[in-house]
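Visitor: Chains as they are written, first to last, in this note's numbering: chain U, 1 to 336; chain R, 337 to 672; chain E, 673 to 1008.
Calculated directly from the structure, the hints in this document are not laboratory data. Be aware that a few hints might be false.
Keeping only pairs whose Cα atoms sit at most 30 Å apart, straight-line, the calculated DSS-like set for lysine-lysine is [as the list claims (entries may be wrong)]: (1) E:LYS788 to E:LYS922; (2) R:LYS626 to E:LYS953; (3) E:LYS962 to R:LYS626; (4) R:LYS617 to R:LYS497; (5) E:LYS962 to U:LYS281; (6) U:LYS116 to U:LYS161; (7) U:LYS172 to R:LYS497; (8) U:LYS161 to E:LYS962; (9) E:LYS788 to E:LYS953; (10) R:LYS497 to U:LYS250; (11) U:LYS172 to U:LYS116; (12) R:LYS617 to U:LYS281.
One letter stands for each residue in the lines below.
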Amino acid sequence: MTQLHAFGLGIATKSAAGDTLDVYYPAPIANVEGALADMLTDVNGELDAAALNTLENQLAGAGADEQAAIARRLKDAGSTVVATSLADNQAPQNVAEAYLKLHMLSHRLVRPHGTKLDGLFPLLPNVAWSNEGPISLDELPDRQFDARLRGQIIEVASVDKFPKMTNYVVPKGVRIAHTARVRLGAYLGEGTTVMHEGFINFNAGTEGPGMIEGRISAGVWVGAGSDLGGGCSTMGTLSGGGDIVISVGKECLIGANAGLGIPLGDRCTIEAGLFITAGTKVTMLDGARKPVETVSARDLAKRSDLLFRRNSTTGVVECLTNRSAIELNELLHANN
Amino acid sequence: MTQLHAFGLGIATKSAAGDTLDVYYPAPIANVEGALADMLTDVNGELDAAALNTLENQLAGAGADEQAAIARRLKDAGSTVVATSLADNQAPQNVAEAYLKLHMLSHRLVRPHGTKLDGLFPLLPNVAWSNEGPISLDELPDRQFDARLRGQIIEVASVDKFPKMTNYVVPKGVRIAHTARVRLGAYLGEGTTVMHEGFINFNAGTEGPGMIEGRISAGVWVGAGSDLGGGCSTMGTLSGGGDIVISVGKECLIGANAGLGIPLGDRCTIEAGLFITAGTKVTMLDGARKPVETVSARDLAKRSDLLFRRNSTTGVVECLTNRSAIELNELLHANN
Amino acid sequence: MTQLHAFGLGIATKSAAGDTLDVYYPAPIANVEGALADMLTDVNGELDAAALNTLENQLAGAGADEQAAIARRLKDAGSTVVATSLADNQAPQNVAEAYLKLHMLSHRLVRPHGTKLDGLFPLLPNVAWSNEGPISLDELPDRQFDARLRGQIIEVASVDKFPKMTNYVVPKGVRIAHTARVRLGAYLGEGTTVMHEGFINFNAGTEGPGMIEGRISAGVWVGAGSDLGGGCSTMGTLSGGGDIVISVGKECLIGANAGLGIPLGDRCTIEAGLFITAGTKVTMLDGARKPVETVSARDLAKRSDLLFRRNSTTGVVECLTNRSAIELNELLHANN
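Chain U on its own, in the form it takes in the complex (with noise of 0.2 Å):
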């Protein structure tokens, strides 16, 4: 039987040279199923009035409802209209397919790394995203010098590769206090609240709830209830992470200015301003504030309840728990 990973029809911005430089998929659909996947397989690249008419009609017989509502609204589309088509979940080959993938993790379509995004860089155009839509930098001096001929200006918010995710969609039950700090690609878990000094990259976000008001890197996954102080760091997968890809579990709390460089289990805390790398030599307490032993983070990593702090009497980075000295061996040594 057919499945598709995904489809999405949209409308692309092309530059003068005709280079696409973003494709808008106002509610692409994922894991297509039984006739209607067999008919939108083939369905792919740009459509005509007359192909937007037939898909319309082709929708709308495979009970495709709100699919051939969009086929028919696009018909009125001033610009490149678009159908993408993902059979597997493979890499993505164009910016099309790229912009479609982006789109299914901000729809709450996939979960971060649950679509391939290898190669994802060199597709995407580096594109100056301003308020007169995207416009390709090869363009963008001449066009700001006739706006300012004309007595106006271009805004340029971003010169990037991926642009905001507000401008394309807001998933719902969420607050973005500053949008710009959101990439299309970010997936927010419903009662994610993103503060002015949160931030979300791509492939990466929220369960939800939860507070944001530090930077998930790309590739970083926060679960339910967990809480991340305002301008704390998690370390990506592009950024110094290495091969650790960082998570938060489930009702931790980050503290402000605090930093992360292990993946955390459930109901863990980092006090405020402290940064945990992999690399940090950790001083382990039992559930009697005893020191027990010393060990990297990175042996830490996915553990639940677990407090870190630095004793602001001796400097020495403790890891407080509940346990016993002997539960806390064991647990350290199990897979040893």
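Following the hints, put chains R and E in place on chain U, whose structure we already have.
Guide: Coordinates of chains R and E only, in the frame set by chain U:
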């Protein structure tokens, strides 16, 4: 004698469903007394052209020329005109009252904590703040699609219960390098500069003058002549500060990437990179740099002339003072 | 022989009172020599259509085709056209000169500290930077009210003496994820990526390539191949750095949430979360990790191949080197 807590004439934006999304008050007034208060006490709700005409004449008759001029200009408004009259300092009851209170703060009519804001969050709708004005989240996807069909983009700058201050009022004598980080309801005293990394929440702010490159959380007040270094954090009552209301006295310096979880007195310094929470154990040094006693930072709340640092040869968090050991002992145990 | 420090043809925005709020120079030139310099040395001030016509012909005659083309296009300008000619590298004398110098930096015609900026702050007007262009703060409240009456909003993005760079020029080969954090007057070398948390002030910047996720303060220079981690801080000459001009050498790595108060040599690392100020006492370790001596960080200014960390089992700030104890001693006392 009648006294009004506040009064404002403004323009409301409504959703297609008729819900008020925001109200803009160009020149609200506070602590209104006498005949003007008597006249305005029942002026509340939506005003049509006839009502505005009557009000203009009444205001002119009472000598309230600025308010009369506003009533006159509002007759040209394309959207809903509202009057909001707050007899007492009560918790806000609707969106128009909530917005009037936020305006009072940003127009410097009251300082933070000077007007009751209980129940503010559930009152305020979550709104998409865009280049086309406030948009209801229910209407947003359709409007985004429509704009794209026309070859345009709706720039969604924020999805939040609070708009940015500067789209409502820019008080005199301030610089705000990046306005997305100052919410309506912030109080910026004259001479305040908020740099790109600065942030000021509602019901919080600065006496001025001061250089703000860090984050002023909800409820926090910063005294005259104090500087907040880049990326520094103040714990808010909404975000982990608990019951303690954080404040910074006059002529303090919070270093870059530092943090503060207690109210500070005057002329205090926290060195760059050091986070002081209420529970931090601090070793007090006398004027000769001799350790006298170790106390919790919360016991130093509102004390003046303190310098906090982490000794880089021992890791101990120290507080330098210019007092003798005896004076320090007396000071710390004065309330025992 | 005549030599000009710089020359630019541009478009000025003026307030209703006739004050210049900004000048946009599409293609300024520097170090102009020979006949072209002779011709341009007295071309200064506002130009009408006739003057532009003459200038266009003169420029074409001198073989300055790009400048001639600019003069030609400027004949269509709806607002004031200005020419600014700087004979020598003197402090700027008016807004047009100040803006030409800021353009020189962002167009990579000079590196930071390569053009005199003394007296810049009092020269530059504080301006509301909006979607309708620069607006005088005196006019802002009325214009905001007028826009609201029409059902529109003036988006006030910044209230500052400096505009954002990208609304004037985007140099080749850069990405700037969030442009509100790069001021006109920043220098971004080719291959520079400024992420959302990055910031670059005027008269500061990067040689490129480099990944900038931290804050480059006024006056600070970052060498080729160096990365600044998320939220890291460099102390500026304007903000506490005092007389020391901070810089970062080649191939350095400043960790996330770290900080820097001394100029660094090449191939240095500061671990995530560690703030090194000039006064930090640093314990030097030799190549065998043995402590050799404790010095102030300021004594390590411009030294290469250093790694700074806070020992997490002792709280001591250490500097790791690959040198023997004897070499370290010689190095540290070479200038005694």
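Visitor: Please go over all the hints and tell whether each is borne out by the structure.
Guide: Hints versus structure:
The straight-line distance between the Cα atoms of E:LYS788 and E:LYS922 is roughly 25 Å, inside the 30 Å bound, and the hint therefore holds. With a CA separation close to 18 Å, the supplied pair R:LYS626 and E:LYS953 stays within the 30 Å bound. With a CA separation close to 29 Å, the supplied pair E:LYS962 and R:LYS626 stays within the 30 Å bound. Only pairs whose Cα atoms come within 30 Å are accepted, and R:LYS617 paired with R:LYS497 is rejected, the gap being roughly 38 Å.
Simply put, E:LYS962 and U:LYS281 have alpha-carbon atoms about 18 Å apart, close enough for the 30 Å limit, and the pair holds. A hinted pair counts as satisfied when its Cα atoms are at most 30 Å apart, and U:LYS116 with U:LYS161 qualifies at roughly 17 Å. About 15 Å separates the Cα atoms of U:LYS172 and R:LYS497, which keeps this hinted pair within 30 Å; it holds. Annotation: proposed proximity of U:LYS161 to E:LYS962 is violated, straight-line Cα distance about 46 Å (limit 30 Å).
For the suggested pair E:LYS788 and E:LYS953, the alpha carbons sit about 35 Å apart, so the restraint of at most 30 Å is broken. Using a Cα cut-off of 30 Å, the hinted pair R:LYS497 and U:LYS250 holds, with the two alpha carbons roughly 26 Å apart. Straight-line distance between C-alpha atoms of U:LYS172 and U:LYS116 comes to about 25 Å, which keeps the hinted pair within the 30 Å bound. Distance check on the hinted pair: R:LYS617 and U:LYS281 sit about 21 Å apart at the alpha-carbon level, within 30 Å; holds.
The structure is inconsistent with the numbered hints 4, 8, 9, although it conforms to all the rest.
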